[in-house]
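Protein chains in written order, with the working numbering: chain A, 1 to 301; chain B, 1 to 318.
One should not assume that every hint holds.
Which chain B residues stay away from chain A? Per the calculated CB distances, all over 12 angstroms, these [as the list claims (entries may be wrong)]: (1) Leu108; (2) Glu158; (3) Phe178.
What the simulated footprint calls covered on chain A by chain B, stretch by stretch (three residues with Cβ under 8 angstroms from a Cβ of chain B suffice, anywhere in the stretch; the number is not a length) [claimed, not checked]: (4) 132 to 144; (5) 192 to 198; (6) 238 to 246; (7) 287 to 294.
A few chain A residues that don't get close to chain B, going by computed Cβ distances all over 10 angstroms [what the hints assert, rightly or not]: (8) Val51; (9) Leu258; (10) Gly276; (11) Phe280.
Everything labelled a hint here was simulated from the structure, so no lab data went into it.
We put the beta carbon where it would ideally sit given N, CA and C, even for glycine.
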Amino acid sequence: MSQTATLPAGARIDDDLPPALRVRGYWSSVGVRLRHDPATLCFGAIVLLIVLAAIFAPLIAPFDPYKESVVLRLKPFGYRGHPLGTDELGRDLLSRLIYGGRSSLLMGLVPVCIATALGGTLGVIGGFAGRTVNAAIMRTMDVFYAFPSVLLAVAISGAMGGGMANGMAALALVFIPAMCRVAETATAQVRSLDFIEAARATGAGTFTIVRYHVLGNVLGPVFIYASSLVSVSILLASGLSFLGLGVKPPTPDWGLMLSTLRQSIYVAPLSCALPGAAIFVTSICFNLVSDGIRSAMDVRL
Amino acid sequence: MLGYIGRRILFAIPIAFGVSVVCFSLVYLAPGDPLQTILPSDATAEMVAQIKQAYGLDRPLPVQFLLWLGHVLTGDFGMSISTRRPVILEVTGALSNTFMLTSFAVPLAFIVGYTMGAIAGCFPGRAIDRVVTGASVVGVSLPNYWLGIVLVIVFAVELMALPATGMGPKGSAEFSFFRWSDAQYLVLPVVTLSMIPVGIISRTTRAAVSEVLNQDFVTTLRAKGLGEFAVIRHVLKNSAPQVLAVMGLQFGYLMGGSILVETVFTWPGSGFMLSKAIINRDIPVLQGTILFLAMIFVATNLVVDLLQSVIDPRIRRS
């Protein structure tokens with residue numbers, strides 16, 4: 001299979017190598033395709049900036065995000081050194097937006113990681129074992145599929161009493177069935193192929209076959225699907241916080257800020273819209289980066 | 001045909017059963033004893049035991065589940081803890097308000113999304129295609145609760161053209177969407193709610209149209225000298241079943257997923273009731289609403305499947 005044929009125009013191959021070595025491996029050709037996709041690189045840079053800002057929040061934030069002030073409530077942009085003004089308790093809005101990225105990103109990424117690990121494992125087990133095991137796993141997943149995702153997240157975290165950990169658990173549970181289905185489909189497709197048969201004929205055990213022959217073919221679609229879930233997870237997590245089911249006050253969080261600032265919509269409409277804009281920008285950038293990686297990896301879901 | 005319908009309905013029964021198990025176990029996810037909300041804090045051990053017996057909570061869990069299922073099947077969802085009214089009355093009232101929102105939002109989303117997607121699919125790779133694709137990414141990445149707030153800021157706070165929240169002074173009892181004084185309350189929530197489906201439907205339509213355009217029969221149509229407009233008509237007709245299925249599913253998603261939008265607009269629907277029930281820790285209402293919404297979702301999926309098999313006979317043969 002020639003990997004070079006799928007390279008976009010303008011991608012240069014090192015000419016000084018002997019011809020036999022010019023064919024790239026899969027991952028390096030994915031890298032080359034990504035490097036020649038300026039849009040994805042640009043959105044990736046924004047994602048990186050948001051993540052870095054959240055990690056290094058104490059170094060960047062101009063003020064303490066928890067420091068309240070009675071006289072400085074709901075001040076406009078640029079008021080006395082507060083670039084984006086202050087919120088309903090007189091806290092610096094820019095600092096809270098920077099710190100808010102921490103919980104919002106955490107609640108966006110952690111559930112996806114948990115769901116990928118658990119759902120992916122269940123899917124591979126189901127897809128490889130087949131028959132009864134597969135039926136048991138997939139029919140259980142079907143039940144959770146019968147809930148709209150927002151409803152299931154709200155129901156579980158609502159019943160568990162809210163809070164960040166419960167919210168993350170609820171979101172993970174929401175994503176597991178879909179993740180499981182993706183992994184199961186990919187595994188079932190590979191399972192009946194000849195090279196698995198060949199591996200078994202050479203005496204490879206089930207674990208070795210799964211580890212070396214199945215996982216390599218399943219991880220691609222699973223990874224792509226997981227990356228597309230991050231944006232959904234950020235939206236849902238902020239939605240939970242917006243409903244009072246996620247992060248608890250006074251912790252800065254975009255969804256929570258949106259919900260508390262909403263009370264002042266007639267006084268300071270512009271500051272009220274800011275946290276939502278942060279959610280939107282983060283979610284759309286993750287979405288576009290995921291789309292870019294998908295087309296670079298050439299995976300169809 | 002009848003056999004297919006029967007099989008699909010039979011498949012839906014275990015799902016519905018599983019859904020009811022999940023809804024039943026929601027009570028046990030709640031921290032502490034489910035009785036805590038009913039009992040006074042100084043209740044004696046005998047009192048607790050007595051109430052446990054009265055509510056059947058001293059029986060084994062499977063028995064409790066079957067008893068609960070029996071009550072639910074006869075329409076008895078228990079009493080709301082905060083309003084002391086039967087849950088079934090509360091839920092059906094709220095559901096009709098949510099239904100009103102979705103029954104406007106889904107057709108709106110279909111018209112806008114299908115038009116956008118069809119135009120993009122007919123001109124793949126052109127500028128218009130990129131604009132539509134970009135718009136649909138925005139549609140699915142936009143937090144709709146935030147869009148609602150922005151629309152309120154623009155149209156209610158700044159322009160003062162539309163009401164911000166609620167269903168009007170008369171409430172839901174006398175609401176009539178034929179009167180503009182009432183109907184204006186629908187505009188912002190419906191537009192907000194239709195945002196995500198517009199993104200999804202336009203994406204699906206674009207994919208379906210460009211896929212059908214590449215099929216052999218389109219070449220045949222062109223070869224026999226059909227005008228481009230007539231060819232497009234054939235293509236749209238062939239891509240419709242797929243898009244209609246997605247639209248049907250969106251109806252179920254919106255019925256169950258309107259909680260955020262309803263909270264933003266304090267629209268007295270099922271989602272808003274759910275968020276109130278969570279704040280008040282009103283578990284019977286929480287359980288009843290979720291069960292109802294999930295069952296509606298299961299039923300819409302079933303109806304969509306059946307309708308699709310009526311429109312497109314290839315599905316029931318496979």
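Right, here's what the structure says about each hint:
1. Leu108: Correct as stated: the minimum Cβ-Cβ distance to chain A is 19 angstroms, above 12 angstroms.
2. Glu158: With a cut-off of 12 angstroms, glutamate 158 of chain B comes too close to chain A, as the shortest Cβ separation is near 7 angstroms.
3. Phe178: For phenylalanine 178 of chain B, whose nearest Cβ neighbour in chain A is about 30 angstroms away, the distance exceeds 12 angstroms, so it holds.
4. 132 to 144: Since 5 is at least three, the answer is holds.
5. 192 to 198: With 0 residues close enough to chain B, the hint is violated.
6. 238 to 246: Three-residue rule met by the region 238 to 246 of chain A, so holds; n is 6.
7. 287 to 294: holds (count 3)
8. Val51: Label holds. Min Cβ-Cβ 17 angstroms, cutoff 10 angstroms.
9. Leu258: Violated, because the least Cβ-Cβ distance between leucine 258 of chain A and chain B comes to about 6 angstroms, which does not exceed 10 angstroms.
10. Gly276: At about 3 angstroms from chain B, glycine 276 of chain A fails to clear the 10 angstroms cut-off, so the statement is violated.
11. Phe280: violated (6 angstroms)
Going down the numbered hints, you'll see the structure goes against 2, 5, 9, 10 and 11, while the others check out.
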